[in-house]
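Under my numbering, the first residue of the sequence shown is numbered 3, with each subsequent residue one higher.
Don't take every hint at face value.
[Said to hold, decoys possible] Computed spacing ranges between beta-carbons, pair by pair:
{"no.": "1", "residue 1": "ALA16", "residue 2": "PRO54", "range": "18 to 24 Å"}
{"no.": "2", "residue 1": "ILE49", "residue 2": "ALA142", "range": "25 to 31 Å"}
{"no.": "3", "residue 1": "SER64", "residue 2": "ASP141", "range": "19 to 25 Å"}
{"no.": "4", "residue 1": "MET70", "residue 2": "GLU96", "range": "40 to 46 Å"}
For the record, the hints were derived by calculation from the structure and aren't laboratory data.
The structure displayed is predicted, hence computed values, not measured ones.
The beta carbon of each residue, even a glycine, is placed where N, CA and C say it ideally should be.
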Amino acid sequence: MKLNLILADAAQEAPGGKLSALGIGWTRIKQPVPQFAVVGFAEMDPIEAEQPHSLVVVLCDSDGNPIMGGPDHELLRIDAHLQGQLVNDLEKYEVVRLQFGIPVPPGIPLEPGGYEFRATIDGDLDSAAACRFRVLPTDATT
3 MKLNLILADA AQEAPGGKLS ALGIGWTRIK QPVPQFAVVG FAEMDPIEAE QPHSLVVVLC
63 DSDGNPIMGG PDHELLRIDA HLQGQLVNDL EKYEVVRLQF GIPVPPGIPL EPGGYEFRAT
123 IDGDLDSAAA CRFRVLPTDA TT
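Please work from the sequences and hints to get the whole structure.
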């Protein structure tokens, strides 16, 4: 199983098992932090894809410490489930790619500095992924 993450301005599921994303691939964002999305692609064997999987995405600072935020200062963590649909005509060498777009609400109180989203599927650290980004002050030029 292989997992990749990237950031986008917005993302939503589309018909046919597709994902539509806007403003994809940035690594810098200004304060105040607007709404954006964490986009991911999980590539797995067909047999793995048919099973339900647990996805955990955690926001961490540049030292790897989980960020506590929000109105109740809770851990900024996203839990989701992934599961592909059975496709009968896949060859044994083919892979199934499950994609997801997780919206992140605006106003997360992040100070200027480095951050990363870390993701795991079923707690498997071998297939973990991270996506780094930087928050810039309001008056910064990008």
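Outcome of the hint check:
Between ALA16 and PRO54 the Cβ separation comes to about 22 Å, which falls inside the hinted range of 18 to 24 Å. For the pair ILE49 and ALA142, the beta carbons lie near 48 Å from each other, so the given range of 25 to 31 Å is not met. In this structure, SER64 and ASP141 meet the distance hint of 19 to 25 Å, their C-beta atoms being roughly 21 Å apart. Between MET70 and GLU96 the Cβ separation comes to about 42 Å, which falls inside the hinted range of 40 to 46 Å.
This entry does not satisfy hint 2, going by the numbered hints stated previously; all others are met.
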